[in-house]
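> Residue numbers (the working numbering), protein chains in the order written: chain S, 240 to 722; chain Z, 240 to 722; chain G, 240 to 722; chain R, 240 to 722.
FYI, nobody ran anything at the bench for these hints, they're computed from the structure. Hints may contain errors.
Pairs of lysine to any residue residues, derived as SDA-like cross-links and limited to a Cα-Cα distance of at most 20 Å, are as follows [to be verified]:
id, chain 1, residue 1, chain 2, residue 2
1, G, K720, G, E659
2, Z, K315, G, L308
3, Z, K543, G, E682
4, Z, K315, G, Q681
5, S, K543, R, R296
6, S, K299, G, D295
7, Z, K488, R, R470
8, G, K472, S, M293
9, Z, K315, G, D295
10, R, K299, Z, R469
11, G, K397, R, L308
12, G, K692, G, E682
13, G, K299, S, D401
14, G, K397, R, H548
15, S, K472, G, W290
16, S, K315, R, R470
17, R, K472, Z, M293
18, R, K299, Z, S400
19, G, K543, R, R649
20, R, K472, S, R292
21, G, K472, S, L297
22, G, K299, S, E484
23, S, K472, G, E484
24, Z, K661, Z, S587
25, R, K397, Z, E463
26, Z, K397, R, E463
27, R, K273, S, R305
28, S, K472, Z, A286
29, G, K472, S, G287
30, R, K543, G, V447
31, S, K472, G, D295
32, S, K273, R, G621
33, G, K472, S, R292
34, R, K299, Z, E484
35, Z, K488, R, H548
36, Z, K365, Z, E329
37, G, K397, S, R292
38, G, K397, G, E407
Number of protein chains: 4
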Amino acid sequence: MDLNSLRSPLAFLQSRLPEISQSNVLEAEQAWWKNEGIAISDAIDRAGTPWLRMFDRLGKRVDEIRRPLEYQTILKRGYRAGVVWRALEEKSLIPTYLLMYAISYYDPGICCPYTVSLGTAVPLAKYGSAELQARFLPQLLRKDDSVWQGATWMTEIKGGSDLGAAVETIARPAGDRWLLTGEKYFTSNAGAELAVVAARPEGVAPGVRGLALFLVPRYRENGELNYFIRRLKDKIATRSVPTGEVELKVSEGYLLGSVDSGIYLILEVLNLSRVANSVVSVALAQRAMADALSYAAQRAAFGKPILDHPLLRHQFETRLNALRSAFALAWESVQLLNDVWMERAPYSDRYHLFRLVAHLAKYWTAEFAVDTAKWAMEVHGGLGVLAEYGVERWQREAMILAIWEGTSHRQILDGLEVMERKRAHQLLFRRLAEIAPAKELQEMESEVEQHLKLRTEEREALAEPLFRRLAIFTAETLARKSK
Amino acid sequence: MDLNSLRSPLAFLQSRLPEISQSNVLEAEQAWWKNEGIAISDAIDRAGTPWLRMFDRLGKRVDEIRRPLEYQTILKRGYRAGVVWRALEEKSLIPTYLLMYAISYYDPGICCPYTVSLGTAVPLAKYGSAELQARFLPQLLRKDDSVWQGATWMTEIKGGSDLGAAVETIARPAGDRWLLTGEKYFTSNAGAELAVVAARPEGVAPGVRGLALFLVPRYRENGELNYFIRRLKDKIATRSVPTGEVELKVSEGYLLGSVDSGIYLILEVLNLSRVANSVVSVALAQRAMADALSYAAQRAAFGKPILDHPLLRHQFETRLNALRSAFALAWESVQLLNDVWMERAPYSDRYHLFRLVAHLAKYWTAEFAVDTAKWAMEVHGGLGVLAEYGVERWQREAMILAIWEGTSHRQILDGLEVMERKRAHQLLFRRLAEIAPAKELQEMESEVEQHLKLRTEEREALAEPLFRRLAIFTAETLARKSK
Amino acid sequence: MDLNSLRSPLAFLQSRLPEISQSNVLEAEQAWWKNEGIAISDAIDRAGTPWLRMFDRLGKRVDEIRRPLEYQTILKRGYRAGVVWRALEEKSLIPTYLLMYAISYYDPGICCPYTVSLGTAVPLAKYGSAELQARFLPQLLRKDDSVWQGATWMTEIKGGSDLGAAVETIARPAGDRWLLTGEKYFTSNAGAELAVVAARPEGVAPGVRGLALFLVPRYRENGELNYFIRRLKDKIATRSVPTGEVELKVSEGYLLGSVDSGIYLILEVLNLSRVANSVVSVALAQRAMADALSYAAQRAAFGKPILDHPLLRHQFETRLNALRSAFALAWESVQLLNDVWMERAPYSDRYHLFRLVAHLAKYWTAEFAVDTAKWAMEVHGGLGVLAEYGVERWQREAMILAIWEGTSHRQILDGLEVMERKRAHQLLFRRLAEIAPAKELQEMESEVEQHLKLRTEEREALAEPLFRRLAIFTAETLARKSK
Amino acid sequence: MDLNSLRSPLAFLQSRLPEISQSNVLEAEQAWWKNEGIAISDAIDRAGTPWLRMFDRLGKRVDEIRRPLEYQTILKRGYRAGVVWRALEEKSLIPTYLLMYAISYYDPGICCPYTVSLGTAVPLAKYGSAELQARFLPQLLRKDDSVWQGATWMTEIKGGSDLGAAVETIARPAGDRWLLTGEKYFTSNAGAELAVVAARPEGVAPGVRGLALFLVPRYRENGELNYFIRRLKDKIATRSVPTGEVELKVSEGYLLGSVDSGIYLILEVLNLSRVANSVVSVALAQRAMADALSYAAQRAAFGKPILDHPLLRHQFETRLNALRSAFALAWESVQLLNDVWMERAPYSDRYHLFRLVAHLAKYWTAEFAVDTAKWAMEVHGGLGVLAEYGVERWQREAMILAIWEGTSHRQILDGLEVMERKRAHQLLFRRLAEIAPAKELQEMESEVEQHLKLRTEEREALAEPLFRRLAIFTAETLARKSK
């Protein structure tokens, strides 16, 4: 088996996708990252969490995020290449996710700002009034370094899974805008010029149906800070994105969609980031394998390169197959999302199919990334646990991918729900029917149906092995197609 | 299922072992760690890699390792409690490994100095001349804070697996001692007062049979430094032990055993540390579960503690079972080692059985620890990836356990070898016969025998799944006994 | 000249003060610091700014300050030795400032918590109601490790000099207590159990006369946090004390003294800390000289120890003289304060004399400490600028002493004011008349009087050289007495 | 007095020097630093000491210095602008030192690599054989980013002042080259492609006359590392230059000049760096004042900007005068060096005059820089001691300037020597006669002559106040000329 496709993101993409649009754009990104970006990304990871200058020398609150200047170099490059503007201009998410794959092979964290910027631009374009769009959309789609960044802030201190109970931020109407007060506890891309923020309009019903989504700019119309960064989180990785805690204090906000439809908008935003998470996870796994490969091909023991020892070579080959499967699953979620991202509730069957595939992909690609990162460390032996050689970084990065955008538990339970309520598994099996051997498909189908008949308690308790089998089955089946 | 045994190391030990010797010693350690040790260990982890003062102000080479004073507090406590002296005084390893379990629940790294100190005292007691023993052994067995530490330095820059090729340190005879010159690349417990060091006596045959083992004190007889610490390694965890690179420059050494038997002594030292690694891995897994448990019992979502959600509760129960199995396997390796640790080559069958079990235990307990640490992070959700809450530390620590003392690859291949050459699997199956259902045992046995008939290339390539099944089978079988 | 008195704080104190009370207490402290404390202090300095755990894992606001456990060891030791309780129990500040001298020779920063604890206990004992005293004083005076710490928080974001304009924290009466709301920008000993806080009772006149002083406990009566630590400051030194920003949000407070007398109480608190600053500055200068001495006596160049080179030896001798003068000035401020610390407005002449001497001492001892620290670095040559050898720390520490408790500018201008308004210079010259040669005294007196006749603008503009001469003259004159 | 000249390096230079060559080059540098360089420099300072990758993943010694990529951006910019090549191409040091002034206003440390690169190129150009020049000079003078860096390594562990005793590195002849073995303890710009290194040719006389100067490339002719970096020093500042310890192990070197003339070459190299140190010190002092000014002009207390308070305004004005004097002294040393830098021993009177002025300038400008940095911190009040606002950096940087290239002690003693032996003070007074009032000059002259008549012991012991007065007198006199 030819391991060379591991050596660059584009080589792997080309081995998997028959025809890639804009491959010249991807090639340019890949070349730049190889020559310069890797060193910058490495330095940013080592520099650790950026720091927050809360006040300037004169005592004015400024909430500046301080970090190496060269961070701007890597960050702005992706925006210029089109990771956000292409989606809206070309009305397709394919270029976005291709770029994300290529970039996150070099820096998995940097795709977080891109994703949340996309997650700001899309609901604005879809649900914002003409006036709001005219006022804010052009800045998010600029093709130069003056581009604005977006952010998507939902989670509060009580947690991110049960938003209906956890969101306590209140929005009060005030003429053409709303005034928001509350605290957000995990705010990726803190400092963004524009954020979409989940809040509860004053007086509405409790629970998840009472949430609405608002656009909150960094600065008020009078030029003052509109939200406040209380502090930055000291994360173990993804240091390319500042994650903070944000205080909204009578902050100006603009409603997106209607007052009682917030949860739909929130989930649509999550769709974009879960798919991104899957794509990034696969790219990260490839990168960890590529590092292991370059080492194993050169490091000798017992008279030959360790790559030529049967056990390790076999592991490389098996894992390359698994990488291909994981990619096929992730890419299926990209393509399905590309079909449905402009839908609004009530949604089509294709949308429900997408949701199931997205849960399977988010779950499985992250698991695979974590496992692959661990394995790459082992291939490096003792060097694997030294900060000096960087391979340990991939595990830190991968762990964040496994937790962000919903942990594996959440994917499993939400995936179960979409099977129960929308029979999404049937849509999936129909989709796979053209590829999978009939017998295998039948077995899988019957296993799922059996499981769904269990009583609630058991159905949830035993969901993990089923979900894992379904994810692997789907991934492997989809990967056959590409052979 | 009662999860409460997770809440302290002694509670779990008591649930697994019918009668524990010295449980009052263990209780005292546990109580102290809970009240004070945890905070010290946490601070040492956060402080990161210690630093090396190579020269004093006057330009004299001193190679002092600088770290918080309170590190001495936690370190010396274990020595006083008897983690080394009890083994030799009580002629049993049981108290040592019980103590290691209890301590490493709170700080997995601190057991490394203990293990290498034991790995210095044992070969000295076993193979050292009366004069050498009189000169050095009492210091290693002191019961107060003046106790000396040991260290075991084998690995050089070409790697730790293929010692025969990698060890280039040369020893030249010089009267009653030897003079060693070379560089050691991974030296745990750098700065120890006494180290056992693998070197190649000048003029002997190449390869692994040409190695000998030497005792190397920190200071020469004239009071000068006898070895030099080139630098400390920036490891991702186990910051309780300084790992460095050591330069031997015509350093005074004392031969242990005979000139051509070094490899046996080296492997006997490794036995002690591999078993320690297994015990520590299980304790670490328990700790990660305990942290997850205390969180899950208090954190609420969807109207109840997350522990009461079926999926998570089921995972806790399944994982507690796996923890019990992993412990049973690790403890089997302890008991077998306790039978054979004073053997010398040529070895008994029991020794070969020990070796297989030790490989299975080192492999499987570390895999389980890594997986459990990952899962504990997920249980914490977003908090899991913040340095602030410490849960991410268990994954860093676990990764080192998976790599130290031979990676999983090495355990698999060495385990395979002891099955091929010594038929150790047959000894194992005989041991399990009293516990395992006959049919399962037969199936396992036949699977192993089939595998051993494969031609070399394939036998190695496909060894991992077999070895994994054998490890789990052995672990689960042994765990039945304890029920 | 005998440089040996430099080698320990007690040796120097004994050379300066004919009879020292409690010298056994001081000796015990000195011995402990030499053996253990130095290493702890060094590690705490290297560890840098402590960090703040704002929320626990369950999302409860806790504002815990996280730092090495051994910090508690050095901190609590001074409280036990009596740095606070002796002052109130023995009704004398002498034991306190002697202890501070001895301790700050080893760790200048640790005296900050002691000083602010004293600055909390004293106004409480002096102005607190019987009920308040009964409720809070015993905790501050405990002789074991359960002792409470105090803190004195005046400065807000607009600055610390012009309190009348800068303090915007508002206090509203609420039954037997007040409720305070505002932000404090430099809060030494953040996390203290009890703080005295400057605030403006609602509705009073603006300016410095409208300030009052309140006692604010860390926890409300219902057990909740009563103030919030927004963040800790990243200071260049004095890492033994956490300095933060504190938010008061309807925090419970208890009035000390009357509503319109706050400024007197604030200045009386400042008296305690300015004198402490002077004592610590001299101890720091001694320490820097002692480090330079031990180096210079051992380091050789051009064939002999550098201490034996005439230029350096001369510098040591000159500087030892200056150290004695600086000590005499600082100790004069101690003794005067000891006479007047229980006075209340309106104050005696002796109080005004104290104030002038305190300004001269705060100013001059800090200048001398900074200069001496710089010189000690130079004596170490290239080693002086390496973090490795610690001598650079004294300059960082000294700079904080020069700025805390009023910069040199502030001392000069306030010293000028007390001369203008209270003719305090005449009190000073009367005091010095018994020691100083008449002619020198006359010249100095006339120079001061001339200066005071200048018009305001010029009087301030040219005040620095005058104030410097007056400080040196006073210091040298007082030092004669001790010869 | 107009403080505006403080606000940029070029503004100040233009106020001092009637006509500046290449002011467009300086303007371009200034503009770039203001917009981008400041942020990079700030981040590099915060990032702390770079780290050393001693081995690559495969165990090959590489000694790579790892730091943010953007360090290259600021470093290479100065080389391109001509900080080295202009000196040799334009046969004048003026452009070099003008550039250094402008650049070091923004980053004082970065001028160290420039200076040592110049200190490598100049002796090569002056003393290197035609073949050596052809082989190495072009690389040092490149105008693009492929330019080589130089380094000047003299100091060993026994110290930098008494080179005759301290240099123990041995050079053995080997055909057309020499082989050097020894250790250098303070090696600025470790990692440079080419270094000039002081060593003792085997068999020569002891003492300073037995030193020779060698050119040592980073790589041997066979491509292997030619010197080894043992570690990097953790300095308190000048983080723009890696300072390390270097091991020479039979390293290839090429003799510059003759075997017994090394000390002349070494001192000529020191001339270049001492003058640079003076220029950088003045620029640093200006920068600290500029920061203080921008703060004081905006920060208000007692109803007006603190700059408008008489005491502070007076300090600004007095200090601006002192800055002008310091600059005049530093620039005099530049101009004199520009006259004599191509001289070889035996030297002219002008060379001796230069030496005295260089000692006065090195001494006084560094003292002034340290004092000004301290004062700028005080102007900032409490903010001055926070790492957050950067003003404390200037003091760290200044302390290094006071110690590098000979401490103040060394300047005083060497200045004394050149007065005694070469009567250089008479040359100086002759030079000043056209500017200084006759009476003042006479007094100064007589004071110096008196001092020189003291017996050795006293002459040295009391040298500091005399040297200080002479430095200030010379500086103030020279500054008159510029008015």
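> Find the hints from earlier in the document that the structure breaks and name them by number, from lowest to highest.
1, 3, 4, 6, 9, 11, 16, 20, 32, 35
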